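> Here is what each chain is made of, one letter per residue.
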Amino acid sequence: MATSPKLDAKIPDGPLETKWTKYRSTVPLVNPANKRKLDIIVIGTGLAGASAAATLAELGYSVKAFCFQDSARRAHSIAAQGGINAAKNYQNDGDSTFRLFYDTIKGGDYRAREGNVYRLAEVSSGIIDQCVAQGVPFAREYGGLLSNRSFGGTQVQRTFYAAGQTGQQLLLGAYSGLQRQVGLGTVRMYTRHEMLDVVVIDGKCRGIIARNLITGELERHSAHAVLLCSGGYGNVFYLSTNAMGSNVTAAWKAHKKGAFFGNPCFTQIHPTCIPVSGDHQSKLTLMSESLRNDGRIWVPKKQNDTRPANQIPEEERDYYLERRYPAFGNLVPRDIASRAAKERCDAGYGVGTSKMAVYLDYAAAIDRYGKGEVNKLNLHDATPEKIVELGKAVVKEKYGNLFDMYQQITGEDPYEVPMRIYPAVHYTMGGLWVDYNLMTNVPGLYALGEANFSDHGANRLGASALMQGLADGYFVIPYTIGAYLANEIRTTHISTEQAAFVEAENKVKERIAKLLTIKGKTSPEVFHKRLGKIMWDKCGMARNAEGLKEAIKEIQALKKEFWADVKVLGDADEFNPELDKAGRVADFIELGELMCTDALSRNESCGGHFREEYQTEEGEAMRNDENYMFVSAWEHKGESQWELHKEDLIYDNIKIAQRSYK
Amino acid sequence: MEGNMNLTLKVWRQKNKKTAGKIETYQLTGISPDMSFLEMFDVLNEQLINEGQQPIAFDHDCREGICGMCSMYINGRPHGPKDAVTTCQLHMRSFSDGDTIVVEPWRAKAFPIIKDLVVDRSAFDRIQAAGGYISVNTGNAQDANSLPIAKDAADEAFSAAACIGCGACVAACKNASAMLFVSAKVSQLSLLPQGQPERTMRAERMVAQMDEEGFGACTNTGACSAECPKEISLEHIARLNREYLGAKVSSDKV
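The listed protein sequences derive, respectively, from chains A and B. To convert, note that position 625 of the first sequence is 625 in the numbering used here; the numbers rise steadily by one, no gaps. To convert, note that position 147 of the second sequence is 147 in the numbering used here; the numbers rise steadily by one, no gaps.
Calculated from the structure, these hints are not laboratory results. On a predicted model such as this, the values are computed, not experimentally measured, just so you know. Every residue gets a Cβ at the ideal spot worked out from N, C-alpha and C, and that includes glycine. Be aware that a few hints might be false.
[Said to hold, decoys possible] The calculated lysine-lysine pairs, modelled on DSS-like cross-linking and capped at a C-alpha distance of 27 Å, are: (1) A/Lys514 x B/Lys151; (2) A/Lys396 x B/Lys15; (3) B/Lys17 x A/Lys581; (4) A/Lys581 x B/Lys22; (5) A/Lys88 x B/Lys22; (6) A/Lys509 x A/Lys549; (7) A/Lys581 x B/Lys10; (8) B/Lys151 x A/Lys376; (9) A/Lys509 x B/Lys15; (10) B/Lys18 x A/Lys581; (11) A/Lys567 x B/Lys151; (12) B/Lys18 x A/Lys509; (13) A/Lys396 x B/Lys10; (14) B/Lys151 x A/Lys371; (15) A/Lys509 x B/Lys10.
[Said to hold, decoys possible] To give a feel for the contact side, a few chain B residues facing chain A, derived at Cβ under 7 Å: (16) Tyr26; (17) Gly30; (18) Asp61; (19) Met69; (20) Gln128.
Bound conformation, chain A alone (with noise of 0.2 Å):
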């Protein structure tokens, strides 16, 4: 097996600790006069494009900055809960840059880049001190110094966090770095705009066509390099965590311009979400994985258990991820956590009213941080009331906004009852090929953060995706980009009368006219929420060959369809949401056949990817390491239609294992 020709990754020469500084300072620079002359466009304003678009505009260059959300503030980073992992070591508990390299890599099931990994390890703790001189207000112990928790998939307490809200505090300050440089006039802001086609000329990316979701305008905007920063695909399954306008169209248009699609099926389910109530269900709230640190998961001992939780004694619970994995407990990692509730729940052990649930009990931590107040308030006599009173406050104090959030959608108090919970789709680890300058196969076009498929490898830890937006954001591009910018300060302004730019927009424009005038009878939703289901039952937590040619079919069918019988009302000229869906629906739907390809493609099961024929006894994900190391990347040839190139992985710092947890 050897690395494609098409994939060169560039990872710098010499040994894995000295690869970035080494190349850092040996980057090709751009000269302050020069930035000025150079024009970036970041579609995206989540962790990734605002703390790119502020951070490369601090250093001069003339940028432009797109959302689809009416301020870039809303971007979905700002819903992430838990926390951002940071290799600081301030807990003293044996944590480093290399251990939390290591954590990643074995967390991705040894799918991820050894050189990528490392440099984000190694820039993370710089993250921290970036976000706290932003007036980032971490949580903080008494002494004023900052808090760690832990997370899944790691023994070491390297967690920061501001309560539950962790991703909005954090894109909040990278944001005002963001608003920042709007108002000193180096970054012109686009909200409300939607990027609809790169422009590629002579091979390099040239700009964008983008329509102002407002008035229907489509918009020409020229560049010497585009980033693109819009995230994951998780609403590809229709129901995910993901926010209602997530969505692929940006990173669609890009691979369908020739950018490689990297690991598309590599898919996170994380386990621990509010379960499904009913059809009219319109998407999936998380509860955060920090609630693993505290919370006990089980099940009832005996199936079809019908008993309320507080009504079967300790002695019928079974506390299932401490049995079968009693070195991470409750903080295995999330492939894990979700693949057990599964097998419990199929298994016939599940609770609730669907059955597909299983508790996540607060009942002992309420009762042991109780203990601890009754300790430091010198309380002798306290009363088990007490007790709980007390230590409900603790609780509410590191989760209250969570609980609440919790009550507020399922009616039920979480103090009281334990939360029933449920795997759902929640990240997507693949994303668009990128070489370690976090460039696409094509020149001038890049993909950070979600949008990326680099550092997460088939399994991405928990805490790491806040990390991995930033780090590329603040301390990865505004190096990297120096490599190919140095090379186009010739390049004067890009004209957007040129022929590419004409015919983008004309193709959009088409696109946008047949969508509306197909005047069929099912609307943008309705196949949508279709196509959620194939993909779900056939590519979700578990896959199998079988399933997944018929998947295959099914989508076809279903595109077959969309494009005959879509209705979208309403003109092209306005505010036209329905619009907008049709066009990302139609994009999802390319891109779930693509996924179950790859998912197909790949005889063996690594983290999230998890094929029924390939388990353990104790089923554990088999993977295959002889004939599936390797990134696949997946080149766009025509409808229905693609090349697969393989760059192998490489691993010179790590000792390859069969994962475990137990």
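Please arrange chain B on chain A, whose structure you already have, making use of the hints.
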């Protein structure tokens, strides 16, 4: 049909900012109490599409109460009848079978209507750009723990920073004042040591931009805080007033 609630909805419809709008009435049946308010709107929109009518445009994104995009004025209250929840987290169990529900957009001169229930809140972005930040370029930061911050101050800054920028405070205020929004950001940064160097300038600039955007004056009625889905406290407005006054007294920039 999943439930048995029947409702009458009276919803503001307006094609765009140039045309006049009016309230339209719709009947809905089979609503489940477990639906969120926006899921009920999804059902209504699907029904409208099937009848060949334009669906109602409304802003929404995360649907878990944190992005700040959803913005419905329900039965005379921003985000509806329950305290401390956004529209997207309001559930139909908070209503009764047979109810008539009136839904309007945020009403404020500084928030012009784009379509139906969708308004333009970009004024908030411009206020933020005027001074809602700490001027620290990437790469300048010192080690995070070299700056201890008392837990109480950090917690108070966090409670201000929890603002989601939805604009309910403006919609709730009889003067359409944006003081609660502005004060939350000014307060957060003035409570932290990192925010000190730009403290006076920040208060002055953000208030000046707020006035320029056409938001009304604050008359301390407190509706903003009472209706805030994140329960941002009036205390922050008091702090902003102190900051602003202090800035004006000591300012050399007037």
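> Output the numbers, in ascending order, of every earlier hint that fails for this structure.
Structure breaks hints 1, 2, 5, 6, 11, 13, 15, 16 and 17.
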